[in-house]
Amino acid sequence: MSEGWTWLPVEGSRCARGSTAGIGLKRSGLDEDLFIFLQGGGACWNQGTCVPSVMRFGPICYYDTACLYSGAGGQQPSAVHVNEDNPYPADGGGHFPQEVALLDSVRALDRTVPDNPFRDATFVFVPYCTGDLHAGDAERTYQYKVGYLDPVQSRKIHFAGARNMDAYLRELKARFPDAKRIWLTGSSAGGYGATFNLPRVRDAFPDAEVHLLADSAPFVQPVHWEHWREAWNIQLPADCEDCDAGMPQIAEHLAQRFPDSRQGLLAYDSDQVLRWFFFAGTGPEAALNPPVGPYQAGFGALLAERAAHANADAFVLPGTAHVMWQGYGTALSDGGTAPPFNSADGGTNLREWIHAWATGEGFGGP
14 MSEGWTWLPV EGSRCARGST AGIGLKRSGL DEDLFIFLQG GGACWNQGTC VPSVMRFGPI
74 CYYDTACLYS GAGGQQPSAV HVNEDNPYPA DGGGHFPQEV ALLDSVRALD RTVPDNPFRD
134 ATFVFVPYCT GDLHAGDAER TYQYKVGYLD PVQSRKIHFA GARNMDAYLR ELKARFPDAK
194 RIWLTGSSAG GYGATFNLPR VRDAFPDAEV HLLADSAPFV QPVHWEHWRE AWNIQLPADC
254 EDCDAGMPQI AEHLAQRFPD SRQGLLAYDS DQVLRWFFFA GTGPEAALNP PVGPYQAGFG
314 ALLAERAAHA NADAFVLPGT AHVMWQGYGT ALSDGGTAPP FNSADGGTNL REWIHAWATG
374 EGFGGP
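All residue numbers for the sequence shown refer to this note's numbering, where the first residue is 14 and numbers rise by one.
Worth flagging that the hints you see were computed from the coordinates, not collected in a lab.
None of the values given here were measured: they were computed from a predicted structure.
Ideal Cβ placement from N, Cα and C applies to all residues, glycine included.
Hints are supplied without guarantee of correctness; some may be wrong.
Unchecked claim - Derived lysine-lysine pairs resembling DSBU-like cross-links, with alpha carbons at most 30 Å apart:
no.: 1; residue 1: Lys158; residue 2: Lys39
no.: 2; residue 1: Lys39; residue 2: Lys193
no.: 3; residue 1: Lys158; residue 2: Lys169
As the list claims (entries may be wrong) - Between beta-carbon pairs, the in silico distance windows are:
no.: 4; residue 1: Asp163; residue 2: Asp257; range: 37 to 45 Å
no.: 5; residue 1: Val159; residue 2: Gln269; range: 23 to 31 Å
no.: 6; residue 1: Ala310; residue 2: Pro219; range: 22 to 30 Å
no.: 7; residue 1: Glu16; residue 2: Leu162; range: 44 to 52 Å
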């Protein structure tokens, strides 16, 4: 296990196949700052994306015919760990050691750097094993066939991301009742999860500052929104009248509702992974070459809305890559550190930008 991390099984939490989940903790000893990182790893929402099956519904398999493609969106689930009996066992084995080691490689978790604003924080790792962007509260049963001539079987999937966050936050509140500052972040599905769960964290820690940084998780409107909302029973902000309409409305609501929470976004302007999940239509061509135009149009509109809020800002790079936290600077095998990514205009770098988000000095729009 990566040094300093402890796995904490949390009663009431569930992975997709029903096993108990939990959280990882790396305590600092001060217990006033929390750095909460939500893991990413795709999403699934129907028979072909949640269980390995040759039956139908994967986007590469036209969503409506027998599927002989053995890959994500075909016979294989398009979300991590949803097809595993117990991805996070109580002894701290399974995927946990490798995943926190990867997180540790980002220098934001380096306590030896004097100007690192996160150096005194307790680090919290929230695993992803529910396929629902950490936002669901539902159980669905899907039929499947492993082989084309095999009998039809059934499998229950627990979309428990939101329910899990409730359990995790109760545990964190009991252990860190005097937390004064919380940095809530995540990459990809974890970035969406961090955004969806901002109200939950604010409610759990009403006396603490809570600031959000979503990596590769812009709230553009997906073509699958209604399917996601229904399959997962997405837990939307209770006081938002139009959030059921889609992701842009949720982002706007959160920016307005929490003006004292800095809300940062890291994103590539042509992110190929998000284009696949959000806009790939029926058929293999659309899935293998997802459209650029709809993503860029939604992304541009989202940036324009964020620009109107003093508490919201974005660090955007050109390109089709996905996930940017490593651009803060990562540990190299020779003992050195990879330099941070530079901004598109060369005026700053990602490490400086994230520090501005963390401290509030020089962060925000108008």
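A quick look at each hint next to the structure:
| no. | hint | in the structure |
| --- | --- | --- |
| 1 | Lys158 with Lys39 | violated, 41 Å |
| 2 | Lys39 with Lys193 | holds, 17 Å |
| 3 | Lys158 with Lys169 | holds, 14 Å |
| 4 | Asp163 with Asp257: 37 to 45 Å | holds, 38 Å |
| 5 | Val159 with Gln269: 23 to 31 Å | violated, 48 Å |
| 6 | Ala310 with Pro219: 22 to 30 Å | violated, 38 Å |
| 7 | Glu16 with Leu162: 44 to 52 Å | holds, 50 Å |
When each numbered hint is compared with the structure, violations occur for hints 1, 5, 6.
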